[in-house]
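Peer 1: Below are the chains, spelled out letter by letter.
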Amino acid sequence: MKEKIRIGCGAGFSGDRIEPALILTEKGSLDYLVLECLAERTIALAQKRKLQNPEFGYDVLLEKRLKDLLPLLLQYKTRLVTNMGAANPIVGAKRIIELAKSQNLSIKVAAVIGDDVLDFISGEEHSLENIRPVQSEGKLLSANAYLGVEAILPALASDADIIITGRVADPSLFLAPMIYEFGWGLDQFELLGKGIVLGHLLECAGQLTGGYFADPVSKPIPGLDQLGHPFVDVFPDGRGIISKVEGTGGVISQRIAKEQLLYEVLDPHHYITPDVVADFSTVQFEEIAFDQLQVTGGGGIERPEKYKVSVGYEAGFKGEGEISYAGSHAVERARLAGEIIEKRIKGLVPNLRVDLIGLNSLHPNDLSKNSNPYEVRLRVAGMCKTLEQAQLIGEEVEALYTNGPAGGGGARKMVTQVVGVVSTLLDRNQIKPDFQLLST
Amino acid sequence: MKKLVDIAHSRAGDKGNILVLSLIPFDSKDFDWLVQNITADRVKSHLKGQIKGNVTRYVLPSIHALQFTCEDALAGGVTTSLALDAHGKSLSYALLEMEI
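Sequence lines, in order, name chains E and C.
Our numbering applies: residue 1 is where the first sequence begins, and numbers increase by one.
Our numbering applies: residue 1001 is where the second sequence begins, and numbers increase by one.
Worth flagging that the hints you see were computed from the coordinates, not collected in a lab.
Source: prediction; values computed, not measured.
Positions of the beta carbon are idealized from the N, C-alpha and C atoms, including for glycine.
Worth double-checking, as some hints may not be accurate.
As the list claims (entries may be wrong) - Computed cross-link-like contacts, DSSO-like style, restricted to lysine-lysine with a CA-CA straight-line distance of at most 27 Å: (1) C:K1003 / E:K258; (2) E:K258 / C:K1089; (3) E:K346 / E:K369; (4) E:K385 / E:K346; (5) E:K308 / C:K1015; (6) C:K1015 / E:K139; (7) C:K1048 / E:K346; (8) E:K369 / C:K1003; (9) E:K258 / C:K1044; (10) E:K369 / C:K1044; (11) E:K219 / C:K1044; (12) E:K50 / C:K1015; (13) C:K1089 / E:K318; (14) C:K1089 / E:K219; (15) C:K1015 / E:K219; (16) E:K258 / C:K1015; (17) C:K1044 / E:K385; (18) C:K1015 / E:K48; (19) E:K258 / C:K1029.
To be verified - Taking CB as the label site, the calculated pair distances span: (20) E:S102 / C:R1042: 51 to 61 Å; (21) E:K101 / C:S1028: 54 to 64 Å; (22) C:S1062 / E:F290: 22 to 32 Å; (23) E:S106 / C:V1035: 54 to 64 Å; (24) E:Q52 / C:S1045: 45 to 55 Å; (25) C:E1071 / E:S102: 43 to 53 Å; (26) E:D119 / C:K1052: 49 to 59 Å; (27) C:E1071 / E:P220: 27 to 37 Å.
What the hints assert, rightly or not - Some but not every residue of chain C turned toward chain E, in silico, with C-beta under 7 Å: (28) V1020; (29) I1024; (30) L1060; (31) Q1067; (32) L1084.
Let the hints inform the model, and build the full structure from the sequences given.
Peer 2: Below, the structure is given as structure tokens:
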């Protein structure tokens, strides 16, 4: 058994920067690199692309992310674990093989499958959000179960250089290599909980090194323009030491780690994953050296009986329009413009939302009541059943140029096809994870 | 008048239509004061235009932090919300506007 393993996180969301993963792999002495690129909505959108063309549906940035990374992964003997397979891990794996061939590299890729459970969903299942049957929300597009380490471990036991998955619980991407290397039992919930703590801390990449934290007045962070992504040295007892590549921007500190430990956590005593219900309340941080943070404590109890399933459905079209006003009476003119739009189209789009960007678009009204900005931007948004209705919103805002208050400038309009997401639960025995090994 | 932003920092996260706000004192000596004064009710009332549901507070002495889990607080949640900031990511600084 190894005395420790080092896992880096080179991407924390689908749109993350590409360079930090290259730096981590080249200079981080990693055993494993994780790229976490899949959100609830991202996979539903990927399912849509796959429906239109079965050769798509994997992460749209896959080729861009891996082109320069592949040779580094082989040179530095770092295994990659990523959920960039999205809705189509097998085709994603094929693309990686093609990319390797074009660079005369020899690799093996394991594609983890089994998370796509649309065929097993009747539509009558109740959603966790509002107890209604999931199909009452709209036409179902996708259903993906959050798989755990059991889906990843067989692929790790193969000689694959790269493991590409679809929907897997984010921290399980990190926990699986720990279990594989240290031989932890799937019923050693205390250890699994500690591993989930480390995975959860790392999974948002730059959010652990000072991104989404920095405030030049109260929480300054140096070198944000070249923000490095984190890695963790994990020990067989579940302890971890978090750090980053020397010379990269950002900071490793307790303060940042505390914010990230609680990020998106509904109940810190019971963080539910497919592998363990982790307890974050006993975690302790200690800054043991410059840019080195030790993580101890944490634990867990038995995993939940069922898998969580994320269900995507067609939710219609969102129409938006924006136009700006500045100088004296800017707020009054923008308010008048909003009232005009409401009167013109409220009959067609009943759920219209009207905001003044610069005044009240982000926070509740009460917090900006004493503010008098020099310029504001009217924003009108509405959810519509058809594309035409959604287009009307932006068209009416644009028409304020010549049919609205004085001095309106910089109008823009947008329409987005909306995929909604609800969750439900599925029995474990209905889901059979597997993997396919592809080689150059 | 002092605000929370003078003594604490916060990060906002979302899960569906649920908003999660952490509250962490810059100086751990202020932790007990936060525990005594920044209750779930006070957070709900401060963000009453935003939070329509229950607020649950978790106290975490091992890292000197508070966590507020706010239900029905994101206009339906990120996928179907009409809000400009559909995740509610900017709302950490709405919490920190609270006068103390």
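Peer 1: Hint by hint, note whether the structure agrees.
Peer 2: Consistency of the hints with the structure:
no., hint, in the structure
1, C:K1003 / E:K258, "holds (21 Å)"
2, E:K258 / C:K1089, "holds (17 Å)"
3, E:K346 / E:K369, "holds (26 Å)"
4, E:K385 / E:K346, "holds (14 Å)"
5, E:K308 / C:K1015, "holds (13 Å)"
6, C:K1015 / E:K139, "holds (22 Å)"
7, C:K1048 / E:K346, "holds (26 Å)"
8, E:K369 / C:K1003, "holds (16 Å)"
9, E:K258 / C:K1044, "holds (23 Å)"
10, E:K369 / C:K1044, "holds (18 Å)"
11, E:K219 / C:K1044, "holds (26 Å)"
12, E:K50 / C:K1015, "holds (26 Å)"
13, C:K1089 / E:K318, "holds (20 Å)"
14, C:K1089 / E:K219, "holds (17 Å)"
15, C:K1015 / E:K219, "holds (26 Å)"
16, E:K258 / C:K1015, "holds (19 Å)"
17, C:K1044 / E:K385, "violated (33 Å)"
18, C:K1015 / E:K48, "holds (23 Å)"
19, E:K258 / C:K1029, "holds (16 Å)"
20, E:S102 / C:R1042: 51 to 61 Å, "holds (60 Å)"
21, E:K101 / C:S1028: 54 to 64 Å, "holds (55 Å)"
22, C:S1062 / E:F290: 22 to 32 Å, "holds (24 Å)"
23, E:S106 / C:V1035: 54 to 64 Å, "holds (58 Å)"
24, E:Q52 / C:S1045: 45 to 55 Å, "holds (48 Å)"
25, C:E1071 / E:S102: 43 to 53 Å, "holds (50 Å)"
26, E:D119 / C:K1052: 49 to 59 Å, "violated (36 Å)"
27, C:E1071 / E:P220: 27 to 37 Å, "holds (34 Å)"
28, V1020, "holds (6 Å)"
29, I1024, "holds (5 Å)"
30, L1060, "holds (6 Å)"
31, Q1067, "holds (5 Å)"
32, L1084, "holds (5 Å)"
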